[in-house]
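Work out the full structure, taking the sequences as your base and the hints as a guide.
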Amino acid sequence: MQDMTPNILIHYLQYSQYTSPSVYENEIIKSFPDEVREIGLLVRKQLIHRMTLQNGNTGSNEDLRYGDMIKVPWNRQPEDDIFVTASAMISELYRRDPKGFTHDRSAEHKLILACRHISVLMAAILKAKKISARVRSGFAPYFVVKGLPSGKSDDHWINQYFNKKEQRWVTIDVDGSFEELHFDPYDIPSGTFDFAADVWIGIRNGTINADHFWNAGGNGGLIVVAWELFYDFHCLMNDEVIYTHTPKIVHFGTFEKLTEFQLKEIDNLAKLMQNPDKYFDELLHIWETKKQFRLVKGGLI
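First residue of the sequence shown: 66, per my numbering; consecutive thereafter.
No lab work stands behind these hints, which were simulated from the structure alone. On a predicted model such as this, the values are computed, not experimentally measured, just so you know. Here a beta-carbon is modelled for each residue, glycine too, at the ideal position from N, C-alpha and C. Check the hints yourself; a few may be wrong.
[Unchecked claim] Across the chosen pairs, the derived CB separations fall in these ranges: (1) T167 <-> L246: 40 to 50 Å; (2) K229 <-> T354: 45 to 55 Å; (3) F317 <-> K230: 39 to 49 Å; (4) D252 <-> E92: 19 to 29 Å; (5) K329 <-> D133: 50 to 60 Å; (6) N274 <-> K329: 15 to 25 Å; (7) T70 <-> G216: 39 to 49 Å.
[What the hints assert, rightly or not] Pairs of lysine-lysine, BS3-like flavour, derived with a Cα cap of 25 Å: (8) K217 <-> K336; (9) K322 <-> K355; (10) K164 <-> K95; (11) K336 <-> K356; (12) K110 <-> K136.
Pasting the structure below:
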């Protein structure tokens, strides 16, 4: 059994401003399946990743598993900056097709959103179904996608939910679940996903090459790992921030000037995050007291 106390499971039942389904909660409770895999399948069929739209009906979408990209309106662009909350995503899905969540949603009615948004939507639905769930951020070394560099571990967001029967957190990748993976995306084996804290510690210890880790914006190295680390910290605290919101200390022009003392403070955070249930109280204390780690800058903030 993993380190767990009731207050931790209660914490991950709580909605954030991002995961709240708002007025759609009762509809989710009534109409969604109870099995996590079935929920994930339904959620995945509502969305198209920006890379899939960009690559069209090629690669893994040659069989149109994500829908016919030709049918997507020519003026439809990535919508990550538009629908940042679960309630906004759900509302727009109903606006585009009043049937709501359906297995046969047409490509032209799907949302163009990436992994963070899929994970937020999945967490919202699991929480509504009274399943403790959290969003996690790190890197996925298992994708082969046109437009992404091969041999790298790519920035990625996933979910974990608590399986009461087995008394453990189960790691799932709904966004990547339609790809040809060598593992079950609804029970990802330990060591398959590169959690940000493990990567940070490995790089700082000199056992991992920072250049192996890559961000969709075209950046790599320790600063990219820092972004994912703080995304993940915020997610663990039920604050699933958007891509452009990070603490000022990890912004270009500031991160490069951090002192060794400041880097060791991040080391300490990462070490706690390697076992977030065991050190939940310590992480919560940092969240409630350390402004440099909690307050974010970006966009209009």
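Taking the hints in turn, this is what the structure says about them:
1. T167 <-> L246: 40 to 50 Å: Violated - the Cβ-Cβ distance for T167 and L246, about 25 Å, lies outside 40 to 50 Å.
2. K229 <-> T354: 45 to 55 Å: Between K229 and T354, where Cβ atoms are some 32 Å apart, the hint is violated.
3. F317 <-> K230: 39 to 49 Å: For F317 and K230 the Cβ distance comes to about 46 Å; the hint holds.
4. D252 <-> E92: 19 to 29 Å: For E92 against D252, whose Cβ atoms are near 28 Å apart, the range 19 to 29 Å holds.
5. K329 <-> D133: 50 to 60 Å: Since K329 and D133 have Cβ atoms about 52 Å apart, the given range 50 to 60 Å holds.
6. N274 <-> K329: 15 to 25 Å: 21 Å, holds
7. T70 <-> G216: 39 to 49 Å: Given a distance of about 41 Å, which is inside 39 to 49 Å, the answer is holds.
8. K217 <-> K336: 24 Å, holds
9. K322 <-> K355: 19 Å, holds
10. K164 <-> K95: Answer holds: K164 to K95 is near 15 Å, not above 25 Å.
11. K336 <-> K356: Holds: K336 and K356 sit about 19 Å apart, inside 25 Å.
12. K110 <-> K136: Holds. K110 to K136 sits at ~15 Å (cutoff 25 Å).
Of the numbered hints listed earlier, those contradicted by the structure are 1, 2.
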